Each structure stands twice: as C-alpha cells, then as structure tokens.
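Residue numbers (the numbering used here), protein chains in the order written: chain A, -7 to 510; chain B, 48 to 398.
I should point out that these hints are in silico values taken from the structure, not numbers from a laboratory.
The structure displayed is predicted, hence computed values, not measured ones.
Any given hint could be a false lead.
So the derived label-pair ranges between C-beta atoms look like this [said to hold, decoys possible]:
hint	chain 1	residue 1	chain 2	residue 2	range
1	A	LEU289	B	PRO93	25 to 31 angstroms
2	B	PRO157	A	GLU103	33 to 39 angstroms
3	A	LEU289	B	ALA189	26 to 32 angstroms
4	A	ALA491	B	GLU79	34 to 40 angstroms
5	A	TYR19	B	GLU79	54 to 60 angstroms
6	B	VAL362	A	LEU267	21 to 27 angstroms
7	B	GLY275	A	TRP43	48 to 54 angstroms
Chain A stretches covered by chain B per the calculated footprint, using a threshold of three residues with CB under 8 angstroms from any CB of chain B [as the list claims (entries may be wrong)]:
hint	segment
8	77 to 85
9	180 to 190
10	195 to 205
11	362 to 368
12	457 to 464
13	471 to 479
The beta carbon of each residue, even a glycine, is placed where N, CA and C say it ideally should be.
One letter stands for each residue in the lines below.
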Amino acid sequence: MDRRRAALTRGAALALPLGFLAVFFAYPLASIIGRGLGGDGPVSLPAGVVWFTFWQAAVSTALTLALGLPLASVLGRYAFRGRALVRALVLVPFVLPTVVVAGAFLALGVERGVAAILAAHVFFNVAVVVRVVGSYWARLEPRLWDAAATLGAGPAARFRTVTLPLLAPALAASATLVFLFCFTSFGVILILGGPAYATLETEIYNAAARLFDLRTAAVLSLVQLGAVVVVLAVSSVCERRLQRSVPLVAETDRLRRPAGRERRWVAAVLALSGLGLALPLAALVERSLDGPGGYGLGFYRALGDETAVLLVEPWRAVLGSLLFATVATALALAVGGLASVALARKRAGWVDVLVMLPLGASAVMLGFGFVIAFDDPPLDLRGSPWLVPVAQSLVAAPFVVRILAPALRSVDERLHEAAAVLGASPARVRREIDLPLVLRALGVAAGFAFAISLGEFGATVFVARADWPTVPVAIFQFLGRPGAVNQGMAAALAVVLMALTAAAALAADWAGGRRSAL
Amino acid sequence: MPHRLLLALLTVLLALAVAGCGGSDEDAAPREVVLVTHDSFALTKPVRRAFERESGYTIRILKTGDAVAALNRALLTAGKPEGDVFFGADNNLLTRALGEEELFEPYESPQLAHVDGEFVLDDQHRLTPVDHGEVCLNTDRAYFEREGLAPPGRLEDLTDERYRGLLVVENPATSTPGLAFLFATVAQFGDRWQEFWADLRANDVLVVDGWEEAYTQRFSGAAGGEGGRPIVVSYASSPAAEVVFAGTALERAPTAVVAESCFRQVELAGVLRGARNEEGARALVDFMLSPAFQRDVPLSMFVFPVRDDVALPPVFAEHALTVEQPLELPPEEIGANRDGWIREWIDVVLR
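With the sequences and hints as input, model every part of the structure.
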C-alpha cells in the first residue's frame, strides 16, 4: 500500500468538509458567542433546565429505540408486499414541522406535559432508528443465526448473543442522532410542554431573540455545546468499541417471506406502528380536505392563487423547497461523504465530533451568527437565497456521516482478499462488491438528507427570503393568521410536504438498491 | 477500495452545488430598496407594483421573525443593516428600538401632515407611525349564546366564577399579543395587577406559548377550531379576518371583541442607519404613509391605517372593532418596567 498517497487522499478528503464547517458553522457561531461574552451583566445558570434537558433527551432516546426496534426488525428481516412503501412512509413524520405535529397531537386530545413531550419525540424520531438500524439489519449475513440455532440457541438467546452485538454500531449511531434531536428540541417543548417546561434550547431562544440578553444566550450556548461534545465523544468511543467487521450481504439474499408465527408478529408490528404513526397524519389529511363547503380539494387548488399571507403564490414555496433541498442534499452528500471517506480510513474522533456538532448547536444562535458574521463584502451573504441550502446541509450532513461511515468501515477486507484470490481484478472487486454495498447506504443517506432539508425549519427560518419561502416557512406563516382558509392551506401544504418526503424516500431507496430494496 | 470512486463522485456533486451558488443574484445597484420587517408584514401586489413603477425602485422584503425577534436582529446589525428600512417596531418596544445602538436615522416624512398627532411617538422622527392595531379579548359567539351566558364586558369579569376555565392567554415572555395583554392589565389595575393575575390563575386561566396555539388550537370560536376555551387574547380585527378568510359568505363573524379589554399597538417604520439606499429608504417611508398603502393595510395585515383621510374597506369596517378608548401606557413606563413585569408575571402565574 502506498502510504503517502493514502495520507494525501485522506487530507484532500478532509479539507473540504472541514473548510465548509469552519466557514459556515464555526465562524458564525464563534462570532455571536464572542459578541455575547463581550457584554456585561450577571448570568445565572439554571441547573434545573440543564437537568431537564438531559433527562428528557435520554428518556426520549431510550423510548424511541425500544419502540423503533420491532419495526426495524420487521423491515430488516422480512420481504413482504408494500415493504418499500412502509420504509418510505416511516420517514414522513420526521420532516413535518413541529408546530403542525404538535397541533395534531393537541387535536387528538393529548394533554400537555412530560408524557406529551416524550410521545412527540418518539413520533418524530422513530424514523431514524427504523431506517438506520433496519437497513443495517437487512444486510447482516443470515447464516450467523442459522449457526447459532444449530448450536441450540433459542430466539431470545440469538437476539442477545448474535443480533444485538452485530447491530450495536447502528444502534449507537441512531441513538446519538435521536439524542441530539431531543436535546435541542424546541417547538415540541414549547407547545406540548407548556410554559412550565424549559430546555437549554428554549432558554437560549428566549435570551437571544426575546430579551436581547446575548450574554446569557452565549453562556447557555457554551454549556449546550460542551454537553453535546461530551455526548458525542462518548458515543464515538462506544461506536468504535462496538464496531466489528461483519460480513454484509445484499438484501435480496437476506430477506425472506415470514412463515408461520412470524406472520402474526410482522402483522402485529406493522399494525401497531401504523396506528401510532398514521393517526396524527390522518388528522392532518382530514383537515386539509375539510373545506367550508364540505370535503374537497379546495385548499389544494388555492395553492396556485395569490394570498395576502405570502409574497408569492404558495406553490412557489413547494418549488423553492424542492430546489433548496436538492442543492442541500448535494452539499450534504459532498461534505458528509468526504468526511465519511476520511473517517472510514482512519479513526479521528475529533473530526467525527466536529461534523456532528451542528446538530447540537442552537439554531437561533447560528442564525444570528450568520447575520453578524457575513456582513462585510466579499462575504456579505446576508439576503442571499443560497444560505438556505447551506444551513440545511449543516443539519443534514451529520446524517450522511452516521449512515455512510459505518457502511464504509464494515466493508470486509476479507471479501476483497477472497475475490482477489479467486482472480478478480481490483476494478471488478470495486464494481461487484463494494459499490452495491456503498450505493445502498448512499441512497439511504441521500433520502435522509433530502427529507431533512425539506423539513428543516429552525435554521432555515433565519436565512429564508420572503420571496423564496420553503414549505415549512409557508406553513408557519399560514398558521399565524386567523381564518378557515389559512388553517386549511397550512394543512394542505403539510400534506404536500408529506407526499414529497415519501416520494423522495421511495426514489432514494430505488436508486440505491434497485430491485434488492423490494 | 470504494473510497476513491466515492470521492470522485462527491467532488463532482460539490462542484455542481458550488457552480449553482455562483449564480447568486446579489445586486449592488441602488435601484433596489430592502425592507426589513416581521413575519406578519403583507402587501398586495398591485400596490407594490404601483410604488415600483412610480419611484423606479424595486422592493425586496426581508422577514426576520416576529416583532420582537425582528427588532432584536436589527439591533444586532445596527450600523451594518441588512436592509434600508425597518418596519415593525411598536410602542411596546419603542425604548429598546431607540436605545444606545442608534439603529435609525431621523427622517420627517411630508406625509405626516395627514397623520393624527397622537400616533407620533418620537419627536425626533427616527420612527414614523404606519398603522395601529388593538390587542383585545375575543369571544366565541356560539358558545355564549348556547350557554345563555353574557360574554365578559370588562377585564374584572374574567375573575368571576361564571367564567372559570374559559380563558386562554399567551405567555407575555414569548408572545407579542401576550405582552400587550399584560400591559392592558397594568393599565387597568395599576399596582394591583398582580392580584388580578393571581385571581385569574385561581380561576383556571390557560397559558400557552404563542398566538397560533392560543387562537387556532385552544380557542373554540375560530373557524375549524376544536379548542375548549371560548375567550382568547387576539386582535380587534380578528373577527374581520374570520369573515374574509371563511372561504364562504358569512353574515356575521363567529367571534366578537370585548371593547373594554383593548390595548393599543402602534407600528412604526424608520430609515436604518448605514442603509445602502438612503434615498430609496425615504421614498419607501413616504410610500408607507401614502393613501394607496394606507388603504391596503386593513385587508393585508389586518390593522388600522394611521392616516385620517382614508376609508376602511366595508368588510373591515363592519366586522373589525374600531376601538375609541383603548388602554394605553406611556412608552417610557413600558421601557423602564417591561422585563421586571414579565419576571413578576412569571412568578405570579407560572411558578
């Protein structure tokens, strides 16, 4: 192996993501925190808020894992009609604006409080567990279980001694993502918690955007970032410890039709998950059709008309969202993909932590940072519509890394050696062994990145231009006005967002896996 | 190794993305005037085009959050503004807007001659009044008719046993109408406002984070509203919005306004210090006071014009309440006490 060339490739692969993060994440965030710390005045650190932020995130993550695993197992082990559709639909809740979902929860009669917060976090994030763990599960070599069964292990023992250890890296990766989302949760806490509950994120928003107390906001942001770094460092170590080179196979070899008692298990899991995920979504669809003159498509037709609420016709928001999400996905795949390549070759915990950090940073501080950091030519980017996909890709790139890096690492060296021994050229090894495995992960990553960019609100709202709104921004604007038409249009846009997400997920799966995904 | 192949693929993707960014339409031409404002700003297209045709400037609109967040963001960029004009500071935020950051350049618009002097809050004309609106209690007509109960007539009524569990308000720490309603109670009860809120709490008031949730989720009177509370803090113009956006012809609004509960908000605009297009900024301020714009505000932003010589659109005149005697507090008193009142309110109502 040419070591110098390898080091060069790695350096080149790292330069771009690190440069991107330095300019668009570290620099603006440092600017605003620096400005805040430069002020004076007392800052009190609310210990109760820090504790609540931690424990609600930890409990939410545990619940999401526990409730997501059954569905991940069904999608990761069995072939059945509609599997591709279920995989795509699972992603839908993940992208819906919190204010829309929280509204649906309230409409279904959910009482405010901790239980509502936890339930909403599970609802939003279960897609992460199902898709990250499920797609990894689907590629595990089935003969390992056969061997365990031959050796006399029952189902429970097989799960404990074979499944869990093999899945550990995917479990750790999805748990980290879910934890960060819940740790920085904002809308869910405000609406479903009510004014009695506060997290670091809501307190930072309050200090920065409402009280204009930048000093408190800066100190709380540092606390938040510090906590996130600790969590990421721990998870990075865990993931490394748990990682083992396991033989991966194409899904077609692994998936089989459920037989006997398995059929009942598959049906039960699908029915229960479907009920939990679909009920709030069905409420939205119902509202979008429920016009003043009875049920109909009136609100959808109105998406083409001028409205006093937006500066452009609502369909332009759909167009804008698609455009921004496409660019953001390209950016996220480039940044996250290059980082994954570098991370797969050689462990570098700090790079890993740095790439993930935007997920754990406060959206309002990053938004304010953009505003003061890019205020001088040639970098006066304020008002540029291209900041929207940049902001979205910061949130999407961590997902790309968490999905691609484990896939790249687990490509088994022995497969290469075996292929070489059998006379395959290196090019053929790449084409026939690596590429299909990596493309599958790339498809999952692209689908996620696109969905996240479509649904991103917290950072987008700070950089979006009024003449180029995204769908979540437009929904937020409609919800801010009284009147049946505005509420109905918000619901219709939410349904459009759901449909786009499902379509994007289906397309990404198809592109990544071709027939093997079905 | 798949890595090099992937590397190549990703580099191409990135190059494409960067190439896309190159086409940015950043134009330095001063023929554009940039209006920085809050999320609720609206303007109908014909009026906007008329200004662009007559003045030769095109307007770019930058919405930067609700009224409070937008002002804070403008303060953050004072001297290096994101645009030329800021619209959306109000009397509740006046002292913050005119603070030491020197956010605005004075400009006295000739159009002010047509504006009632009571709306002019800054005699140095750093800020110019554009519209006013009143934050008021709204009630669900159908509920009170069904129950055979009179809707509350004054703020004091809300602590009455008959109205127990009927009211939903916004948190003044997080919501602009919530803050205005807190000011209404201070204006009404003076030093006794904390007692009033303690009584409201005992009478099972529901506090939520923002107007969206209060009005569309918790209030029972809004169209399609499934909430259980028939009294909410909203605006004097909300019934008119219910009629305009009903999607069907309505004889009367489903909601009514409690006239004695209204607190006035005057919204102001100013030329930003350091504006790239100061001349365009002044033209835009003049335009916001012109009859065309003033006639447009009722049905685009659901607020009242400050000009005394423009008529209200019929649907607005009929269904929005024109408040003759709103509750008011001097901006200086608000500026000196706002944060302290919010903290006391949190102690009384939430803790």
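So, going through the hints one by one against the coordinates:
1. A:LEU289 <-> B:PRO93: 25 to 31 angstroms: Distance hint for LEU289 of chain A, PRO93 of chain B holds at roughly 28 angstroms.
2. B:PRO157 <-> A:GLU103: 33 to 39 angstroms: Cβ of PRO157 of chain B to Cβ of GLU103 of chain A: about 57 angstroms, so the range 33 to 39 angstroms is violated.
3. A:LEU289 <-> B:ALA189: 26 to 32 angstroms: holds (28 angstroms)
4. A:ALA491 <-> B:GLU79: 34 to 40 angstroms: holds (36 angstroms)
5. A:TYR19 <-> B:GLU79: 54 to 60 angstroms: Roughly 27 angstroms apart at Cβ, these two residues miss the hinted range, so it is violated.
6. B:VAL362 <-> A:LEU267: 21 to 27 angstroms: For LEU267 of chain A against VAL362 of chain B, whose Cβ atoms are near 44 angstroms apart, the range 21 to 27 angstroms is violated.
7. B:GLY275 <-> A:TRP43: 48 to 54 angstroms: Between GLY275 of chain B and TRP43 of chain A, where Cβ atoms are some 33 angstroms apart, the hint is violated.
8. 77 to 85: With 0 residues in contact (Cβ-Cβ under 8 angstroms with chain B), the coverage given for the segment 77 to 85 of chain A is violated.
9. 180 to 190: Since three or more residues must qualify, the claim that chain B covers the segment 180 to 190 of chain A holds, with 5 doing so at under 8 angstroms.
10. 195 to 205: With 6 residues close enough to chain B, the hint holds.
11. 362 to 368: With 4 residues closer than 8 angstroms to chain B, the segment 362 to 368 of chain A meets the three-residue bar; holds.
12. 457 to 464: Holds: 3 residues of the segment 457 to 464 of chain A have a Cβ under 8 angstroms from chain B.
13. 471 to 479: holds (count 9)
Hint compliance for this structure: hints 2, 5, 6, 7 and 8 are broken, all remaining hints hold.
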